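Novice: One-letter residues, chain by chain:
Number of protein chains: 4
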Amino acid sequence: MKKIKVGIIGAGRIGKLHAENLINNISSVEVKSIADVFADKIETWAHDLGIKNVYSDYHDILNDPEIDAILICSSTNTHSPISIEAAKAGKHIFCEKPIDYDLDRIHAVLDAVKTAGVKFQVGFNRRFDHNFKAVRDMVQAGKIGDPHIIKVTSRDPEPPSAEYAKVSGGMFLDMTIHDFDMVRYLSGSEVDEVYAAAAVLVDPAIGEAGDVDTALITLKFKNGAIGVIDNSRKAVYGYDQRVEVFGSKGGISVSNDIGSSAVLSTSEGVFSDKPKYFFLERYKDSFITELKDFFEAIEEDKETPVTGIDGLKPVLIAFAAKKSLLEGRAIKVED
Amino acid sequence: MKKIKVGIIGAGRIGKLHAENLINNISSVEVKSIADVFADKIETWAHDLGIKNVYSDYHDILNDPEIDAILICSSTNTHSPISIEAAKAGKHIFCEKPIDYDLDRIHAVLDAVKTAGVKFQVGFNRRFDHNFKAVRDMVQAGKIGDPHIIKVTSRDPEPPSAEYAKVSGGMFLDMTIHDFDMVRYLSGSEVDEVYAAAAVLVDPAIGEAGDVDTALITLKFKNGAIGVIDNSRKAVYGYDQRVEVFGSKGGISVSNDIGSSAVLSTSEGVFSDKPKYFFLERYKDSFITELKDFFEAIEEDKETPVTGIDGLKPVLIAFAAKKSLLEGRAIKVED
Amino acid sequence: MKKIKVGIIGAGRIGKLHAENLINNISSVEVKSIADVFADKIETWAHDLGIKNVYSDYHDILNDPEIDAILICSSTNTHSPISIEAAKAGKHIFCEKPIDYDLDRIHAVLDAVKTAGVKFQVGFNRRFDHNFKAVRDMVQAGKIGDPHIIKVTSRDPEPPSAEYAKVSGGMFLDMTIHDFDMVRYLSGSEVDEVYAAAAVLVDPAIGEAGDVDTALITLKFKNGAIGVIDNSRKAVYGYDQRVEVFGSKGGISVSNDIGSSAVLSTSEGVFSDKPKYFFLERYKDSFITELKDFFEAIEEDKETPVTGIDGLKPVLIAFAAKKSLLEGRAIKVED
Amino acid sequence: MKKIKVGIIGAGRIGKLHAENLINNISSVEVKSIADVFADKIETWAHDLGIKNVYSDYHDILNDPEIDAILICSSTNTHSPISIEAAKAGKHIFCEKPIDYDLDRIHAVLDAVKTAGVKFQVGFNRRFDHNFKAVRDMVQAGKIGDPHIIKVTSRDPEPPSAEYAKVSGGMFLDMTIHDFDMVRYLSGSEVDEVYAAAAVLVDPAIGEAGDVDTALITLKFKNGAIGVIDNSRKAVYGYDQRVEVFGSKGGISVSNDIGSSAVLSTSEGVFSDKPKYFFLERYKDSFITELKDFFEAIEEDKETPVTGIDGLKPVLIAFAAKKSLLEGRAIKVED
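In the order they appear, the protein sequences are chains A, V, D and R.
All residue numbers for the first sequence refer to the numbering used here, where the first residue is 1007 and numbers rise by one.
All residue numbers for the second sequence refer to the numbering used here, where the first residue is 1007 and numbers rise by one.
All residue numbers for the third sequence refer to the numbering used here, where the first residue is 1007 and numbers rise by one.
All residue numbers for the fourth sequence refer to the numbering used here, where the first residue is 1007 and numbers rise by one.
Keep in mind that the hints were calculated from the coordinates and are not lab data.
Incorrect hints may have been included.
Same chains, same names: a pair is fine if it fits in one copy or spans any two.
To be verified - Using 25 Å as the maximum straight-line C-alpha spacing, the simulated SDA-like pairs for lysine to any residue come out as follows:
1) K1228 with Y1107
2) K1038 with D1054
3) K1038 with A1140
4) K1047 with D1279
5) K1008 with D1046
6) K1047 with E1036
7) K1282 with A1147
8) K1058 with E1036
9) K1338 with E1091
10) K1008 with D1162
11) K1038 with S1273
12) K1329 with E1199
13) K1255 with S1267
14) K1290 with E1026
15) K1009 with D1307
16) K1047 with K1329
17) K1255 with I1337
18) K1038 with K1228
19) K1290 with S1273
20) K1120 with F1044
21) K1308 with S1062
22) K1298 with L1322
Predicted model only: the values in this text are computed from it and were never measured.
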């Protein structure tokens, strides 16, 4: 079978990860080219992996008629313009989250993709995590009946710098956006209304930068369910990623993945391992699975598992949450 | 040592439970008398337990100069008037929750108790549960540093009848009131502001009766922490009673008590026991401990572990939650 | 209903425990009399509990025609002679384990009980533990198919004194005897052959006293299953009591009961509570249930749940284990 | 840095796995050649992976002066002759377990390796499993003090065919050999004496083939500890791989790895995921780590983590276990 030829735009941490995952795990794909503004810094790495072309200008990828699909892993502000160019060039697109923080620009991407008829997938990798997928599958299979309460615990092991907080768009757009996607994924429903309570408890500098670091976001879903996300920028025991869905026929919950299952019992107490600390370690396999599913969607010409709409909705929820925080009341999510 | 002589007012389910717990477990106490409007129905039971006097009029207990302390286990609307009479009669008082649903009447009780200088304890038994007490003790010991997020899951195994829902004062006053006490207990802080999201998802008849059966109540605490309570009137797998406190130095959580620790692994999956179903079974020991602590407070002349203020505050939070639900915004808790 | 009148012989730790359990929990029974060689030391305690008669000579109980049943809680060497006298006096007998360490004397007890037609139960309380009973019930219900492997972990929190070790009959008769009963209970089969490996690893003084403190006892059952018991006299983390039954259709295991389900996660690790430390705490409810079932057997005239044969068999297994240890080979259990 | 050039001999399931693991995960290594008697069947696969040479005769690898190291993944009877030839050719050797079932031939390999001064590692991959390694590390760090009791549960999900049982050398050499290695690894001590109890409970055809399918093997270690391995050829719930080490200062145990941490609670009970079913899935990462450590030993010229002696000892223990089973008594392990 002819291999799908892929170009990767942006070779930072996530771009490199995707490149290695594709080469090591997805044999139906050939990573032909990679582009990065600091092309010279990645040449040895790319060569060792067997990637033929390293460009400093991503247009070299878009202009290559052999390229079937691209992965956009460059900085956030470039996601939407590159998406639009790529769609026009007829390339299938895997775009890291978020598409953009500007609604008009997101809609422009969605329109361009639709017009071009190319596949488009947003990098909400957590949907592909073994634990969360198991929950979703059981919910979909009706194991808990109608969902009544959706709960997401999402706490980072370490806060970002205050400088990053200033430019990140705020915790809701930068961090909670994954959880907004998760509640849609788990509930199978759109979010109708949001109420956010938040505080600066981890680092005062984050507050001075105009952001929060601890939050509880209450959600009402269109299917009648209610939900809550709790966030902290700093869980000293590691990356805390749990969900629970409760419904008319039961409840499902997941616990954190840990390094080993070893349990030590002594006169001091019973000790077990902490949750995996780093998101790349915790979500390692999900990054592979999301790409497998993207290329399967191309090969079998079916809808991608995380569509452009799935990229848009969490941004709308985040905007409502920000507004709720300012106004101290529940805010409807824009349609 | 001279035994403390006790009278019990009200011999329904909880009055009988307290009588048996005292007689079987607390040897420093003598249950001398019990009063119930249906005195004839409890005579055999009381006799078998060795209780000397069974009255139909509780004044017979209040008028007995030998009685040191009373337990008020009669219907809710009688709690405050009996409390006031008992305080005037110089009896120490253990009063089932709630003191009252009327703030003026609660304050009248608190005043009467203060004036009389008698001990007064409210029956928030969950504080004495082994699991929740362990969490509270670790929080108090600074194990998690400053509390940031308090979470309470409190779901009943079966909904009340719609008829009961009509007269119960609503879910927040009837059921969540225990959780409002729990968040104060766990956080060591007063609640400042409340936002309630709720729905009728379990039984439409409850909605027709003007109440809700599923809720998420977000709380802001005076110490800066935030919290959330999730309630359902119907968890088909049993009585779901869990808490989690997350802070600057870590997190503590508890899981449900289960009937046995037996785990069965077959080709079908891995099966374990459900949470204990009934509150009397789940909280069995806490009902004994709350009484032990009450009588210890009398014997050692120290403050009771659940004071009149502890009885008042959850009612104020419940009122704020009800208002929030009506108005769709966060409501300050009255001081 | 007329209450069963009970006399208790021996008022040490276990005799007192049974007395209190009967009085506080089993309303169909009246503890009329108690006998102890140090009668004067227990008079206040017995009086406070409402026990009418305190004797220094147990014959006063056996000679009381009103007494229906006795509990033998005196020192081990008195179990068999008192059992025989009591049987002749027509009393139902609950006898603490072991019946005796001499096979002829055990058989004499079994004969006397049979001749007299009285009920006889041996105090293997662990059969009545909620966890082990759940395992047994599932095995009996066929949940794991045919049992293939039976595993018992039984470790004490603290070793006995070397002095006690000298007179105890050895670890197999003193401690493992409970586990020999447990494997019969769980497997539903008799033990055919035993191989014991053991060592002195906890306290050299125990070795000098001629005993062992750490052991693995392999068992072959008549139904074809195999099993292993692991014992230690000292598990520093508490009383370690677990079982596992593995079979053709699956496996069942139990974990230890712990003080609270609270789990603390910090930067140092994840900490949970230790197993309950003391056997009276761990097996608290089982001591009540074994008595309930004994008196139910009397009331309903049915076989007791732990018969004389159940008292005999573990002694036979212990003898075989001792012999195996001496000879370094597998030993058949005497029929 | 110059890459280590590797040849793989044998391209069955495990040979292919090692090839893919090396290529995808260990960048310091180049898989230059692979040899298999059915060379034509693997050409496409090898070509797609970028392996230059595919031979039908493994001597082509041994004769290639560029090859630094080989992996022996061919059938068991070829392990020792190829090892000896490879040692003479000066190649470092990673040899799948077992080296041989004949002691003289094992010793010949050990001698050849010693004479040649090449590295030699045996493929006991379970030592590199995250769970077992965590236990070993804690034992080595003294967390449980002196080891007293070592327990290994090792149960396969499905029995081999009776035909395979006939030629496999028996369960002890074929399956338990991993566990014999594990107890040495965990205890840090040699096994002194073995007693085996076993039965045919899974498949009568295995018995007819002269083998057993269920076993308990008791071990005495030279450091005084005792241990037990329990084996079954068929755990219907999946691959059951657990260990426990108990000592003077505490105990450590591990539970099985499962597919997801999702737990479903319904009115029927609480359901969780089964252990991973297949050894390649369960031990996935251990196969990569063992190779990383092998090549690190080459690069840093240090001892391999599983030496020739580590390959020999489990065979000696297995022989003792077989003899014990025949003679019904404990057997010393040959030095």
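Novice: Could you run down the list of hints and mark each one as holding or not?
Specialist: Hints and how they fare:
Taking CA atoms no more than 25 Å apart as the test, K1228 paired with Y1107 passes inside one copy only; the shortest distance there is 24 Å, against 34 Å between copies. Taking the shortest Cα distances, K1038 and D1054 sit within 25 Å of each other both inside one copy (13 Å) and across copies (15 Å). Proximity of K1038 and A1140 under a CA criterion of 25 Å is satisfied in neither setting, with 34 Å inside one chain copy and 40 Å between copies. In this assembly of identical chains, the alpha carbons of K1047 and D1279 never lie at most 25 Å apart, being 38 Å within a copy and 45 Å across copies at closest.
Taking CA atoms no more than 25 Å apart as the test, K1008 paired with D1046 passes between copies only; the shortest distance there is 22 Å, against 30 Å inside one copy. Proximity of K1047 and E1036 under a CA criterion of 25 Å is satisfied in both settings, with 22 Å inside one chain copy and 24 Å between copies. Only between protomers do K1282 and A1147 lie at most 25 Å apart by alpha-carbon distance; the minimum there is 22 Å, versus 29 Å within a single protomer. In the homo-oligomer, the alpha carbons of K1058 and E1036 lie at most 25 Å apart both inside one protomer (10 Å) and across protomers (19 Å), since each shortest distance falls under that limit.
Taking identical chains as interchangeable, the C-alpha atoms of K1338 and E1091 are never at most 25 Å apart, the minima being 33 Å within one chain and 51 Å between chains. In the homo-oligomer, the alpha carbons of K1008 and D1162 never lie at most 25 Å apart, since the shortest distance is 41 Å inside one protomer and 40 Å across protomers. In this homomeric assembly, K1038 and S1273 never come within 25 Å of each other (Cα to Cα): the closest approach is 58 Å inside a single copy and 43 Å across copies. Taking the shortest Cα distances, K1329 and E1199 sit within 25 Å of each other both inside one copy (11 Å) and across copies (18 Å).
Only between protomers do K1255 and S1267 lie at most 25 Å apart by alpha-carbon distance; the minimum there is 20 Å, versus 30 Å within a single protomer. With identical chains, the CA atoms of K1290 and E1026 are at most 25 Å apart both within one copy (12 Å) and between copies (18 Å). In this homomeric assembly, K1009 and D1307 come within 25 Å of each other (Cα to Cα) only inside a single copy, at 15 Å, whereas the closest approach across copies is 41 Å. For a Cα distance limit of 25 Å, the shortest separation of K1047 from K1329 qualifies neither inside one copy, at 42 Å, nor across copies, at 60 Å.
Taking CA atoms no more than 25 Å apart as the test, K1255 paired with I1337 passes in neither setting, with 30 Å inside one copy and 33 Å between copies. Taking CA atoms no more than 25 Å apart as the test, K1038 paired with K1228 passes in neither setting, with 44 Å inside one copy and 58 Å between copies. For a Cα distance limit of 25 Å, the shortest separation of K1290 from S1273 across copies, 22 Å, qualifies, whereas the shortest one inside one copy, 36 Å, does not. For the identical chains of this complex, K1120 and F1044 are neighbours neither inside a copy (32 Å) nor across copies (50 Å), given an alpha-carbon limit of 25 Å.
In this homomeric assembly, K1308 and S1062 never come within 25 Å of each other (Cα to Cα): the closest approach is 33 Å inside a single copy and 43 Å across copies. For a Cα distance limit of 25 Å, the shortest separation of K1298 from L1322 qualifies neither inside one copy, at 28 Å, nor across copies, at 47 Å.
The structure is inconsistent with the numbered hints 3, 4, 9, 10, 11, 16, 17, 18, 20, 21, 22, although it conforms to all the rest.
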